[in-house]
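**Q** In case you want the letters, here they are:
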Amino acid sequence: MSELTYRDAIHRALVEEMDRDPNVLIMGEDIGVYEGTFRITAGLLKKYGANRVIDTPIAEAGMVGTAIGMAMLGLRPIVEMMTFNFALVAADQILNHAAKIRYFSGGQVDMPMVIRGPQGAGVQLSAQHSQSFEAFYGHFPGLIVATPATPADAKGMLKSAIRGKDPVIFLENAALYGMKGEVPDDPDAVEPFGVSRVVREGAHVTIVSYSRMLVLSLAAAAKLAEEGIEAEVIDLRTIRPLDLDPVYQSVRKTHRAVVVQEQWKPFGAAGEIAASITETVFDELDAPVERVTGEDVPMPYARNLELLAVPHEEHVIAAVKRALYRD
Amino acid sequence: MSELTYRDAIHRALVEEMDRDPNVLIMGEDIGVYEGTFRITAGLLKKYGANRVIDTPIAEAGMVGTAIGMAMLGLRPIVEMMTFNFALVAADQILNHAAKIRYFSGGQVDMPMVIRGPQGAGVQLSAQHSQSFEAFYGHFPGLIVATPATPADAKGMLKSAIRGKDPVIFLENAALYGMKGEVPDDPDAVEPFGVSRVVREGAHVTIVSYSRMLVLSLAAAAKLAEEGIEAEVIDLRTIRPLDLDPVYQSVRKTHRAVVVQEQWKPFGAAGEIAASITETVFDELDAPVERVTGEDVPMPYARNLELLAVPHEEHVIAAVKRALYRD
Amino acid sequence: MARKKETHGSSTHALAARAAEWKTILRKMIVIRRFEEATEREFRRGKIGGYLHVYTGQEAVATGILATYRQGDVVYAGYRDHAQTLLLGSDPNGIMAELFGKGNGISHGKGGSMHLFDAAHGFYGGYGIVGGHLTLAAGSAYALRYKETESIAVCFFGDGAMNIGSFHEALNMAGLWGRSGMCPALFVIENNGYAMGTAVDRHSALTDLGARFDAYAIPNEKVDGQDVFAVHALAERAVATIRETGRPFCIEAQTYRFSGHGAADILQPYRSKNEVEEQKQRDPIRLMITRLTEEKIVTTEEVEAMEAEAQQIAQRAVEYAEQSPQPDPAELFTDIV
Amino acid sequence: MARKKETHGSSTHALAARAAEWKTILRKMIVIRRFEEATEREFRRGKIGGYLHVYTGQEAVATGILATYRQGDVVYAGYRDHAQTLLLGSDPNGIMAELFGKGNGISHGKGGSMHLFDAAHGFYGGYGIVGGHLTLAAGSAYALRYKETESIAVCFFGDGAMNIGSFHEALNMAGLWGRSGMCPALFVIENNGYAMGTAVDRHSALTDLGARFDAYAIPNEKVDGQDVFAVHALAERAVATIRETGRPFCIEAQTYRFSGHGAADILQPYRSKNEVEEQKQRDPIRLMITRLTEEKIVTTEEVEAMEAEAQQIAQRAVEYAEQSPQPDPAELFTDIV
Ligand SMILES: Cc1ncc(C[n+]2csc(CCOP(=O)(O)OP(=O)(O)O)c2C)c(N)n1
Ligand SMILES: Cc1ncc(C[n+]2csc(CCOP(=O)(O)OP(=O)(O)O)c2C)c(N)n1
Ligand SMILES: [Mg+2]
Ligand SMILES: [Mg+2]
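Chains as they are written, first to last, in our numbering: chain Y, 1 to 327; chain A, 1 to 327; chain Z, 1 to 337; chain W, 1 to 337.
Keep in mind the hints are simulated off the structure, nothing from the lab. Glycine is no exception: its CB is placed at the ideal position from the N, C-alpha and C atoms. Be a bit skeptical, because a hint or two may be false.
Residues from chain Y that keep clear of chain Z, each with C-beta distances beyond 10 Å, as calculated [stated by the list, open to error]: (1) Leu-45; (2) His-97; (3) Pro-246.
Below, computed lysine-lysine pairings styled on DSBU-like, alpha-carbon distance capped at 30 Å [to be verified]: (4) Y/Lys-265 x A/Lys-180; (5) A/Lys-180 x Z/Lys-147; (6) Y/Lys-265 x Y/Lys-223; (7) Y/Lys-47 x Z/Lys-47; (8) A/Lys-47 x Y/Lys-265; (9) W/Lys-47 x W/Lys-296; (10) A/Lys-223 x A/Lys-46; (11) A/Lys-253 x Y/Lys-265; (12) W/Lys-273 x Y/Lys-47; (13) A/Lys-165 x Y/Lys-253; (14) A/Lys-47 x Z/Lys-47; (15) Z/Lys-273 x Y/Lys-46; (16) W/Lys-147 x Y/Lys-46; (17) W/Lys-147 x Y/Lys-180; (18) A/Lys-46 x Z/Lys-147; (19) W/Lys-147 x A/Lys-165; (20) A/Lys-46 x W/Lys-47; (21) A/Lys-47 x W/Lys-273; (22) A/Lys-47 x Y/Lys-165; (23) Y/Lys-253 x A/Lys-180; (24) Y/Lys-321 x A/Lys-253; (25) Y/Lys-165 x Z/Lys-23.
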């Protein structure tokens, strides 16, 4: 184990996998000479050369499309989105091509490719640069959607993504890049998709979350503990496939659940999770599943408005109390 | 009132609004000389000329983007998507531009534009041509998402869309184009957004749906009535804004609900609706809200597989019985 | 960039020298024609579903180009993809079964007409989103060099596909990668004059379509797409350069489709019957037969035999498809992730 | 298409004849410079948030072009949009307040640096998705003719924006619509040599960027973007033609940014200090001052006065912004639908 930042964990995963398999290559805007806007790819161009570390033009659809063409021939391309907001111009390539070709070919090809980069609200990045896309991509069969919350998961799940056969939407979070954590050194320690994890045990309420919202949820849980409320906190880790079994199990114990997401409430991730919980363990629920979400507005620039638009610890605490009928 | 097909109702709305306001124009692929793949725009080029009925190149992002530039200057462009599957290449223009410019300009401009066309499964159109996008668009604040199920709504809501100030995603359904219904002749009869409607009364269960799934739901309700089960059927009509008040009211009476959508279950529309119902009238529910959805697979070509992939009347009936614990 | 129109690619002498090859090409063109006629018939009989786009009239383009195919090359097309699949050696029975949506179709009935696929024969798919596959072809070309092969990627697309964003992104990247020999790709414009009902001069600001490749510093040439000799000669030259240099090349083949855009395009209000009749005078198969007969490379009897054989291939494919079983319902849930 | 490089747009005689105009232009360029320096300072002080992209070094481009602005014209830019907004007459205080995220910013603090907007002054926005606004400009140009005005749309964008799909779709549509006089648009490439850290020859297959417009049959000319006289002369000529014909035109202005790509671009590993220093020798403001002084159109004292005034404008804007109130929380929920 080493203590690494989330950023370095991703960087490590890239280096180890590129060392391991010459078919792995990475492309994106300003990842080579510039070394990456978030410096995830620093040093890679020098180490692996321009054929494996490809600085692309500003052409996200082109990046994804060419990656598909590479993946079908057995390469393992990784596409860096400078941020996932820009992947909207590649939506057709991701949703209508990467996610569907294996199916309509009757399984003749695999699609071993990763699209990775940060998403989520930053600090005053305004409406076009602050979005989260897990529900957006999670809707489409044919994709895997990963949302790691810790350095260890960032590394282990990225390795799974690179080694796998499927197109993986790997949603990082820029606000987590500096976060530190213990990360396995073993280059073969991979983390599978579709395995949620209880990260804090508790008997009174189940808090379900992922990515940066997990940090928020854990902070809320710590505060709640001071008041004698023990929250069980579950990290979903992947949004597709979505492993809710640990959630159901937890709710059978706590009888109450709160789902926390950063993005807009309508048709967001929390709705699906809340609906599934209700469907599956309805009789166990002592209260409706609560949702904590961002406000249903395009992200404003002004800092005071922005702070009003995104979820905070207090929102989680309040939702837990509502679920416990203690508000 | 006249009896019109859904197709003709849309055509009428276009003609009446173009007659009424010279700022209304329409553009799309093969809508002029070819008269539209679904013949919605038949005759328009001859009637209004090439400056108002614009045959575009195959460039959906260009169509939407230019429409935004027109709308900001006070025109009322209508963009026809040959089918909404093709709008994925315009996702950035719709989601990052049309939906957000008014907000980040601090309200300096309106965005009176309509993007309309069919969506949904057809007959053997395969994976890239069979999708429904109401949850996809419904997630984004700044848009209106309309899903008319009847010729009258198709006409009245399209008029609202054209006359309004907002970007409207107007999701038609090709399987409904031939459906007939009574449609008001009054050129000023418009239908507002965000008003759901009880289309069949019943005391035992609430079925919530929209667009083509409404037809299915009504057919299921008729069959259920033969067995003595009276379903209340609600047409949501718009997905954003989403008016669930009539649904809550209905569930207070029936204590059971089934939500029906055509598309994939995960992160689909039904999840949001089910979660909202549970959140709001939890104590009224005698059973978990049931969801009827398409299978979570890219659409296959073979007819037998395709039939297995989409919801049918029997699925609604079965879900109702599950909700009534009669299965 | 220098561009010239290749009008007849082979001298009489050269023709005779490659007689066997020309006969193979003619046979293939005839098979495509008969096969496509069969698909249109079966569509009208309700045996084929969805959208159907046939290659009738355009046969010389794909046939002339793909005569240069070598094992290891990969080929991409749009939804008008039956000809390419046949030419690469896919089993006509399996193709027809696919069109019928049967379980022994080449993609188990899961793709259909717009999405034929036969990776084992180098066909990496028919695609339904106009222009979406161009980026794929550029990426595959890169992969082929990355793996240090001499194979190339060939990408077919229509005139209408040249106006969509992904065309631009793909070609700029191809031009860039080509500079370091990392994009051995042949881009083939099947310029049939129309994007569905929209004539080229109504959809493209610059109607000299091949010249658009100048904007990506990609060499490009035009050719009479009804003249299979010319297409083939240009393709041989282009492909040799591509294999050697790893740089992309574009061929604009000027052709014409004799059928409607798709099976639903009955009225064809965008072109006159006269225009179609006139164009049919330049039927690529007829032109080839005339030339080969004049040059005494084939006899009328040989042509008749080819016709009969083609007819039989198409007929057999229909029978095979008709008798084939539907896909197993379990197929619904396979091949996703 | 004929393309030539306009190197000095005005003879000495012509310069003198328009002395007042040149002084105005110089004053504006100096205001932009001082304003941008202030924004960088305030960013480092933490008063401005998000991403910040300044125009330092490129002043002659927007200033020379927008000197042709007439009421009714509409202007679009990317995220590097402060200069355009200032040039169109937006209140510098309101702009700075916007950058500070204050309630009396020109967009109530909801847009910020990347999304300045001032419709009343013809500025239809700064946009954050590279290339996304080109289609908007083409559509607005159409609308202006549809409404039978003589106004035009002007669209600024970087060299890097030329590789994204929407560039292609916008320009082809502009070229097509221009044929019937329905696209009075001026497209201005601010070619500063880099897309973030990627040099032009590493992002564009054809590095002669203006020539790419040939692919859309749109006339195009290059100009030295550090020479405001040349930029202005070309713009006057281009704009006159656009107004007259309703057809688009493209200007490629070759320029250089003196600052990093954005405020976070400190290391600038993609270019040498030397290169930057060399380019700073061609500071557009210094070049203009030298010329105007030589021609005795301005005196050193006048320039000093301009500098002082500009400094004051920037300073006042900062003070204004600093003292302004935050947006009302209710603003969060307005201007959505
Ligand atoms: C992005 C997208 N927009 C629209 C369509 C509908 N469409 C299918 S084929 C076609 C015309 C294509 O014309 P062209 O590229 O010239 O090919 P051809 O059919 O003539 O071979 C259109 C508009 C589509 N499939 N994809
Ligand atoms: C679609 C998209 N991809 C990537 C980015 C990130 N990005 C912002 S500016 C920029 C470089 C743009 O360069 P250029 O167009 O030359 O403009 P300049 O900054 O030089 O003025 C990039 C890659 C973005 N904003 N949008
Ligand atoms: Mg065509
Ligand atoms: Mg630049």
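**Q** Going through the earlier hints one by one, which of them does the structure break, listed in rising order?
**A** Numbers 2, 4, 5, 7, 8, 9, 10, 13, 14, 15, 16, 17, 18, 20, 21, 22, 23 and 25 - these are the hints that the structure violates, sorted from lowest upward.
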